[in-house]
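Hints in hand, dock the two standalone chains.
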Amino acid sequence: MAQLRLRESQITKIHYLTGILALFAVAVHILFRLIMPFGQSLTFQNVVANYHNIFYALLLEAILILISIHGFNGLRVILIELKQSPKWDSIITILVLVAMIGIIAYGTRTIVIASGL
Amino acid sequence: MTNVPHNKDLATANSGREGLKGWLNPTRYGWERVSYWLQRLTGVGLLIYFIGHVYETSSLTGGINAWNSMLQLTQTLGGHLFLLFVIGASTFHTVNGIRLIFTESGKGLGKPGRPDYPYNAASLNYKQKSGIWVAILLACVAMLYGGMVLFSEGG
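These protein sequence lines map, in sequence, to chains A and B. For the first sequence, the positions run 1 to 117 when our numbering is used. For the second sequence, the positions run 1001 to 1155 when our numbering is used.
Isolated chain B (complex conformation) (with noise of 0.2 Å):
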């Protein structure tokens, strides 16, 4: 009878799997990676901001002075610059988040073919590519608007 090993480390050394590690491995950035990484940093940054935002409005039932100083913690310098953050992250999020949709469904993938040199992906093709730009351009766009509108007079 043959003996398998049941030894955790030898199990999780020999699954592959990296954890975090394989997250943070700078060698293998591509844009696509990238996105990936930004479309979960920017996921996780937004829920964190939502939570947030969720307590910040509560204060509303505290009355005005409650109100009041919650919003003056926020109409500062930072905070006008962590919503710009925010809004640049959800816009990202949400373009990228489309691309993602239609690319999960196949669409915009190419077609497969033989792998000829020099072995380029069919997947990551130039409409893959230019989602990923567009989701950082209209990024900048959003946030560019969003600090015309906070840095304005009356923002």
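The following block holds chain A by itself, in its conformation from the complex (with noise of 0.2 Å):
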């Protein structure tokens, strides 16, 4: 059966990737906390129209996927170098995945849900 396989490199060069994206995206995210008092821009109102602008909640899931993906992965390698086996590898690149996913699904989920899509 054919794995998909990507070499540690390739995985860098996404970790890299994915924080320099996230830098943009988490700008934006914040700048809409910024053009008004940072309490008033907390409202209930405030917050539910921002997710129903379709751009923004389009960049909150872009963050949630961004930040998730580079998260894990830096927590995946500051684990695989405090210890080395291929078992150990494995149980946290998996382990590492499931969280990611069910972050990104739990946000997601909120997203959804807030923006009235």
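One thing to keep in mind: the hints can contain errors.
Claimed, not checked - Simulated pairs of lysine to aspartate or glutamate, EDC-like, Cα-Cα distance not exceeding 20 Å:
(1) A:K87 with B:E1018
(2) A:K13 with B:E1056
(3) B:K1129 with B:E1032
(4) B:K1021 with A:E81
(5) A:K83 with B:E1018
Derived by calculation from the structure, the hints in this document are not laboratory data. Since the model is a prediction, treat every value here as computed from it, not as a measurement.
Here it is, written out as structure tokens:
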């Protein structure tokens, strides 16, 4: 059976790319909180209005995916650095993938419900 | 035939791996090691914050009361101080991460040369060190600005 297996160099490139893209996406996300007084920007009505903007909802989804990939891969790298064995490598990779998919699914649920899609 | 020892402890002891003890050993700390530590600490901290933030914002689906009660937990002095830490950590992690991308692509490392006394490594030059200082400085500036926004009127 053909198996999708990325080389570590390819994973590193994905790590860099997700980090750089997340930087720009998070900058826009923060700007949405700063274009009005911070406290006012966090009112329920304003936040729901933000979510109803389809471009902002897509931006949130992008941030969710980018940071999940970047963050959980970073955690995988740290854990693999601490101990090396094929079994440990496989266990960590599977756990990290499950956690990543779980967070993306949970965050997507919030975005879908709050944006009224 | 040579008898090769298969003792697990012996194999671990000879592997040169120190695990977490190696991380925590403060006797070999230079700026690069401080940066290595901070990059990992801020990364793990930000991942924990990110998971918490996804959970926190999910209260939006519970309606205005659920949102407001969740907001009450974060709109406190402790919540603002925690957010300041997040601002500083994310700025340092970003700037130092960009430095690391350049470093790992071989940029700013210096030319290899004959190892002459006092054996200053070309890779640990002022460009690398100033990158770490810039990351720390920008993190402080971001925290200052964040503090002004969070603790000002309407923050």
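Hints versus structure:
| no. | hint | in the structure |
| --- | --- | --- |
| 1 | A:K87 with B:E1018 | holds, 19 Å |
| 2 | A:K13 with B:E1056 | violated, 31 Å |
| 3 | B:K1129 with B:E1032 | holds, 7 Å |
| 4 | B:K1021 with A:E81 | holds, 12 Å |
| 5 | A:K83 with B:E1018 | holds, 9 Å |
Consistency note: the structure conflicts with earlier hint 2 alone.
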